[in-house]
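Novice: Let the sequences and hints guide you as you build the complete structure.
Now for the letters of each chain:
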Amino acid sequence: MIEVALRHAYRDVAVEAAFRTPARVLALFGDSGAGKTTVLNAIAGLLTPSAGRIVLDGTVLFDHDAGICLPVARRQIGYVFQDGRLFPHLSVRANLLYGARARGRDGADFDRIVDLLDLGALLARMPAQLSGGERQRVAIGRALLSAPRILLLDEPLTGLHREARDQVLDHLVRLKLELGLAMLLVSHQPAEAIALADEVVLMQSGAVLDQLPIDRFAQRQLGR
Amino acid sequence: MLTPDEAAALALSLRVAAISVIVSLPFALALAWLLSRKRVPGRALIEALLFLPLTLPPVVTGYALLVLFGRNGAIGQWLAAAGIVFAFRWTGAVLAAAVMGFPLLVLSIRVAFDNLDRRLERAAETLGAGAWRRFFTIVLPLSSGGILAGCVLAFARAFGEFGATISFVSNIPGETRTLPIAIYELMSVPGGEAGVQRLTVVAFVVALAATLIAALLGGALWRRRADD
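Going down the list, the protein sequences come from chains R and L. Its first residue numbered 86, the first sequence is counted upward by one per residue in my numbering. Its first residue numbered 291, the second sequence is counted upward by one per residue in my numbering.
Hints in this document: simulated from the structure, not taken from any laboratory. Computed from a predicted model, the values in this text were never measured in an experiment. There could be a bad hint or two in this list.
[Stated by the list, open to error] Quick partial rundown of chain L residues pointing at chain R, CB under 10 angstroms, derived from the structure: (1) Arg333; (2) Arg361; (3) Gly363; (4) Arg412; (5) Ala414; (6) Leu417; (7) Gly418; (8) Thr427; (9) Leu432.
Every residue gets a Cβ at the ideal spot worked out from N, C-alpha and C, and that includes glycine.
Specialist: What follows is the structure, given as structure tokens:
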């Protein structure tokens, strides 16, 4: 269960968003500038909203009025950035194990995650030797191995060519089915949201327009 | 071939320069980090003080060190009570060399820190890495080119140190007579010219090697950034 109510103003852009959902996979959907990434960054703790409250599975991550703001490193969220952000000086294996080591875990899920994401042949490579799709799969694996309570995905397929996009999306669907992990996907592509999410929060110009189950979202997209 | 005295001066210079860099590196890293990442009150004053050794006449820096760290100096008398003496000792030559090389070291490291892609640190943060882990696993390795270049420049500066050293620790053979001081000494004695020429060649080779290494390290850094 994720519960978000926040207000954030940065320069002349204001975002005001409130939603709560028990859905395992939620998509934040909207055009660029809708405030989706701002919401994601607020959940991750990468920015501090000017007001509001964020609760994840009963844990208060942020509560402006109560003066609570958990540090990023302690929020136990996995963040997959649009540009992957693999550490260029570390091999794929070391990248994958980075979060597990930082959180003092032994990486027991390593083989399973490597298998699920088909990363076995890439482990010894350096990030510069990977294709865009491979890089994103490693970034997803790295986030997963830090044992997050939720995986935040910030347009993880943007910038990939069609084949790589389909491949990464297939892997995400596989993760959803096999791991049952909570995910929050930021996207402006209806097909991505429909393939992965259970519920969609529609955003526009910094505000929430609507929140609807995925089948209704799909119908609406078809009706366009 | 160098005479035993000349070889001793060269060995002392190399040792003093190397130790001065090793000792000042942790302080330089900390200060560069503060200047690069933190809002420090009085930043302009700190930066002005930092660059003072580059702008002051070295003799003045040496005299200031003597006033501060001499046996009866403001800090020196306390250190002397604890058995630590700088004045007229090779350790004093290390201190003088460290002070003179410090601005170059901090400047190089700070540029490396400033040029680092901070988004990588943010990514490490989301993976649960605290500040120290991020520093040692992301910041240091990715800034290593700039840090090494700074070390080489500071080493070269320390190797050539003359003014502050001679005014702080004088010219004691085997203790504080570094290579530049030995050259100065040989220039003032009859028949010393051959020795001056030998040591000049040595100084030339060391300085050229150092600047070449620094340039190569800096170049590698630029190429890596261009690849990103």
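Novice: Could you run down the list of hints and mark each one as holding or not?
Specialist: Verification of the hints:
Taking 10 angstroms as the C-beta cut-off, the interface hint given for Arg333(L) is violated, the closest approach to chain R being about 24 angstroms. About 48 angstroms separates the beta-carbon of Arg361(L) from the nearest beta-carbon of chain R, more than 10 angstroms, and the hint is not met. Interface restraint check for Gly363(L): the shortest CB-CB distance to chain R comes to about 44 angstroms, outside 10 angstroms, so the restraint is violated. With a least beta-carbon distance of about 6 angstroms to chain R, the hint placing Arg412(L) at the interface is held under the 10 angstroms criterion.
Checking Ala414(L) against chain R by beta carbon gives a least distance of about 7 angstroms; that is within 10 angstroms, so the hint holds. Of the supplied interface hints, the one on Leu417(L) holds, with its beta-carbon coming within about 3 angstroms of a beta-carbon of chain R, less than 10 angstroms. Interface restraint check for Gly418(L): the shortest CB-CB distance to chain R comes to about 4 angstroms, inside 10 angstroms, so the restraint holds. Hint status for Thr427(L): holds, given a least beta-carbon distance of 7 angstroms to chain R, under 10 angstroms.
About 6 angstroms separates the beta-carbon of Leu432(L) from the nearest beta-carbon of chain R, less than 10 angstroms, and the hint is met.
The structure fails to meet hints 1, 2 and 3 from the earlier list, while all remaining hints are met.
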